[in-house]
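Chemist: Given the coordinates of chain Z, work out where chain G should sit on it, guided by the hints.
Quick note, the sequences are listed as chains Z and G, same order.
Each residue of the first sequence is one higher than the one before, starting from 1 at the first, in our numbering.
Each residue of the second sequence is one higher than the one before, starting from 311 at the first, in our numbering.
By construction, these hints were calculated from the structure, which means they are not laboratory data.
This structure is a prediction, so every number in the text was calculated from the model and none was measured.
Hints may be right or wrong, so weigh each one.
Partial list, derived from the structure: chain G residues whose beta carbon lies under 8 angstroms from chain Z [claimed, not checked]: (1) Leu378; (2) Leu409; (3) Ile423; (4) Ile424; (5) Pro428; (6) Gly434; (7) Ala438; (8) Ile439; (9) Val440; (10) Gly443; (11) Asn454; (12) Asn456; (13) Met638; (14) Leu643; (15) Ile646; (16) Pro653.
Label pairs and their calculated CB-CB ranges [what the hints assert, rightly or not]: (17) Leu517/G / Phe146/Z: 56 to 62 angstroms; (18) Ser189/Z / Gly348/G: 57 to 63 angstroms; (19) Gly65/Z / Glu533/G: 56 to 62 angstroms; (20) Leu56/Z / Val621/G: 58 to 64 angstroms; (21) Glu533/G / Arg297/Z: 16 to 22 angstroms; (22) Leu56/Z / Ile613/G: 35 to 41 angstroms; (23) Asp402/G / Tyr86/Z: 58 to 64 angstroms; (24) Ile122/Z / Pro406/G: 32 to 38 angstroms.
All C-beta atoms, glycine included, are put in the ideal place defined by N, C-alpha and C.
Each chain, written out:
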Amino acid sequence: METLLQQTVNGLVVGSVYALVALGYTMVYGILGLINFAHGDVLMIGALVALEAIRLIQLYAPDLGLIPTLLGGLGVSVIVCMALGYTIERTAYRRLRNAPRLAPLITAIGVSFLLQTLAMIIWGRNYHTFPQLVSTTPLEPVAGVFITPVQIAILVVSATLMVALLLLVNKTRLGRAMRATAENHKVASLMGVDTNKIIAATFIIGSALAAVAGVMFSSNYGIAHYAMGFMPGLKAFTAAVLGGIGNLGGAMLGGLLLGLVESIGAGYIEDMSFGFLNSSYQDIFAFVILGIVLIFRPTGLLGERVADRA
Amino acid sequence: MNQLALAIPWLGKRNPAAARWVVIALALAAPLIAVLFGKTWVRILDFAMLYVMLAIGLNLVVGFAGLLDLGYIAFYAVGAYTFAFLASPHFDIHLPFWLALPAGAAFAALAGIILGLPTLRLRGDYLAIVTLGFGEIVRIFLNNLNHPINITNGPQGINMVDPLVLFGWDISQGLQIGESFKINSLFLYYYVFLAFVVLSIILVQRLQISRIGRAWAAIRDDELAAKAIGINTRNMKLLAFSLGATFGGVSGGLFAAFQGFVSPESFSLMESIAVLTMIVFGGMGNLAGVIVGALALTALPEILRYVAVPVQQALFDRVILDPEVLRMLLLSLAMIFMMLLRPSGLIPAYSRYSRPELVVGKQSSGEVAK
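Bound conformation, chain Z alone (with noise of 0.2 angstroms):
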């Protein structure tokens, strides 16, 4: 029973990370119906100049405190990723809206595999220790359950993302440009939406929050590099797909579900399989997930869309 309370502590955690990630993706999905293969290596370029910042700032303000310096270094990192989303769009993915889907996702295929090849450079191949300015040392157990603070704060920090998407997506000018231009391109820039403009902003804000969410991956595994993306990222696209592709509340509520089947499953694999399989399969959940959706319920949990674009 503590190992299925402990399960699933850690699995909301994760899950809420593959949700922030899992927002870029359905957004993009959306407005585009394509899907943003480079998102995943956007929350890496997010975790990493994040960490970058950080040294920077402990090398030149080392007074600065713990929290001020985390705050920092995201914040230098959202931006970097807002301006890196929107040079994506504007340099890779414009250009092709209206060529066959095929060629746009290769585009991104290629841009994602541009990404990690940058960071290597830049970075090299070494796994990076993220500095753990929120304490990772556990607190006082509640129920023989385990928590970190920086697994509350990711929790905290997460929900509160999302209900600002909510509100910016349902509630202002912005937003309703975007359901606008989502539902269809033509129409929507022929009542005045500058289309070109509300698709990058799609890609600025899905980007951003791909860089908290890489602050937050690397806060909470302590380490960064190159290839940190490609799962988180292939994760977070099942996720978006489980919860309903294009459906911002179906992407958050499949993140979620997605890390507690994933940690829970990961719990139990070596009993279910009779000792087979052990934990070092926990990455297959995600695509067994995927694929299981995919051919019974393409349009996910809560999507409405009549999958033909499947």
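Modeler: Chain G only, in chain Z's frame:
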């Protein structure tokens, strides 16, 4: 071959017969030219042949049938591992090459069907992600199936795979002619691989203009319409997957025999992407383009390795971009810029059977794509 000959600039269209002979002569003389630059280059040529086979197989799936497969390297892995299981001291089975290779191909084809069956309904980008996941699952299993029962020997891989033995003749020993002259095994491997490549080319070319090939083109261009004119899209897609996988499997088996060992790290996602880039670069759906793409993108990184590293050393006194990074950089840039600037590849596919505006990469009028 005709397509390949036609692809030669200038000569191709004016004098196809001469161009054909040039291609044949080049293919036969390639290792002799390569050896002038050192034996490594012959080895690179051998690998290039394997990549050509992979590219031909992936082109079947992506270029002909329009199913974007990002986990293609999994079939290569299945072929290689099957070969290694059946012809190595690992399980102490030493089947002859003529049994182990078809077994590898068959298992790869089976894997193709296993992947194909659940993904039949998916198209485009969803299919891409699921196949990518499939490739990763295969790799994760290869990496971890050394416990509790040791099947794949985990990350260390399987060593001492039997070399290619054709009719009792061990190719890896080279060929001794007379007392003093010995043909290195690298050359022999090249010609064996070349034979396989030529066979594949003939097969695929016949396939492309057959009923099956036309059915694939129809599915690629418009699946609904293809269904409506009575094509069994399910079987055709499965066929594309399994045939494409077979090429991967054969190539994998040859790789295992040539390399002498297999390990999961040869089958990373990067390799899938590399093969995909080759066909995108060369011209998706066009056999000649695919072959040229595979050759170019195997050779270019190696040329860069020999040029860029000394240049960097001379300029900065140290190596800033190591060859592996250069290769990734080259591949990713090739992918992006090809799609942006010349989406139909170096040698665009021209096909009697497809509507040009629907062929991947060619700019369409917009609405059609959706």
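Chemist: Would you mind marking each hint as holding or not holding in the structure?
Modeler: Hint check:
1. The beta carbon of Leu378/G is positioned within 8 angstroms of a beta carbon in chain Z (closest approach about 6 angstroms), and the interface hint is therefore held.
2. Annotation: interface hint on Leu409/G violated; nearest CB of chain Z at approximately 29 angstroms, more than 8 angstroms.
3. Among the interface hints, the one on Ile423/G is violated; its C-beta lies about 15 angstroms from the nearest C-beta in chain Z, farther than the 8 angstroms criterion.
4. Interface hint status for Ile424/G: violated, as the beta-carbon distance to the closest one in chain Z is roughly 11 angstroms, over 8 angstroms.
5. At about 5 angstroms, the closest approach between the beta carbon of Pro428/G and any beta carbon in chain Z falls short of 8 angstroms, and the interface hint on this residue holds.
6. A least Cβ separation of about 5 angstroms between Gly434/G and chain Z falls short of the 8 angstroms threshold, and the interface hint therefore holds.
7. Nearest Cβ of chain Z to the Cβ of Ala438/G: about 6 angstroms, under the 8 angstroms cut. The hint holds.
8. For the restraint placing Ile439/G at the interface with chain Z, the shortest Cβ-Cβ distance is roughly 6 angstroms, inside the 8 angstroms limit, so the hint holds.
9. Hint status for Val440/G: holds, given a least beta-carbon distance of 6 angstroms to chain Z, under 8 angstroms.
10. The beta carbon of Gly443/G is positioned within 8 angstroms of a beta carbon in chain Z (closest approach about 4 angstroms), and the interface hint is therefore held.
11. The restraint placing Asn454/G at the interface with chain Z holds, with a minimum CB-CB distance near 5 angstroms, inside the 8 angstroms limit.
12. With a cut of 8 angstroms, the hint placing Asn456/G at the interface with chain Z is violated, because the nearest CB-to-CB distance is about 11 angstroms.
13. Because the closest C-beta pair between Met638/G and chain Z is about 4 angstroms apart, less than 8 angstroms, the hint holds.
14. Evaluation of the Leu643/G hint against chain Z yields a held restraint, the C-beta minimum of about 7 angstroms falling below 8 angstroms.
15. At a threshold of 8 angstroms, the smallest CB-CB gap from Ile646/G to chain Z is about 4 angstroms, leaving the interface hint in force.
16. Of the supplied interface hints, the one on Pro653/G holds, with its beta-carbon coming within about 6 angstroms of a beta-carbon of chain Z, less than 8 angstroms.
17. A hinted range of 56 to 62 angstroms holds for the C-beta pair Leu517/G and Phe146/Z, which are about 60 angstroms apart.
18. Hint check: Ser189/Z to Gly348/G, Cβ distance near 59 angstroms, so the stated range 57 to 63 angstroms holds.
19. Range check, Gly65/Z to Glu533/G: Cβ separation about 59 angstroms, and the 56 to 62 angstroms hint holds.
20. Taken as a hint, the range 58 to 64 angstroms is violated for the pair Leu56/Z and Val621/G, whose Cβ atoms sit roughly 32 angstroms apart.
21. Glu533/G and Arg297/Z have their C-beta atoms about 21 angstroms apart, which keeps the hinted 16 to 22 angstroms range intact.
22. At about 38 angstroms, the beta-carbon gap between Leu56/Z and Ile613/G stays in the expected band of 35 to 41 angstroms.
23. Between Asp402/G and Tyr86/Z the C-beta distance comes to about 59 angstroms, which sits within the given range of 58 to 64 angstroms.
24. For Ile122/Z and Pro406/G, the Cβ-Cβ distance of about 50 angstroms falls outside the hinted range of 32 to 38 angstroms, so the restraint is violated.
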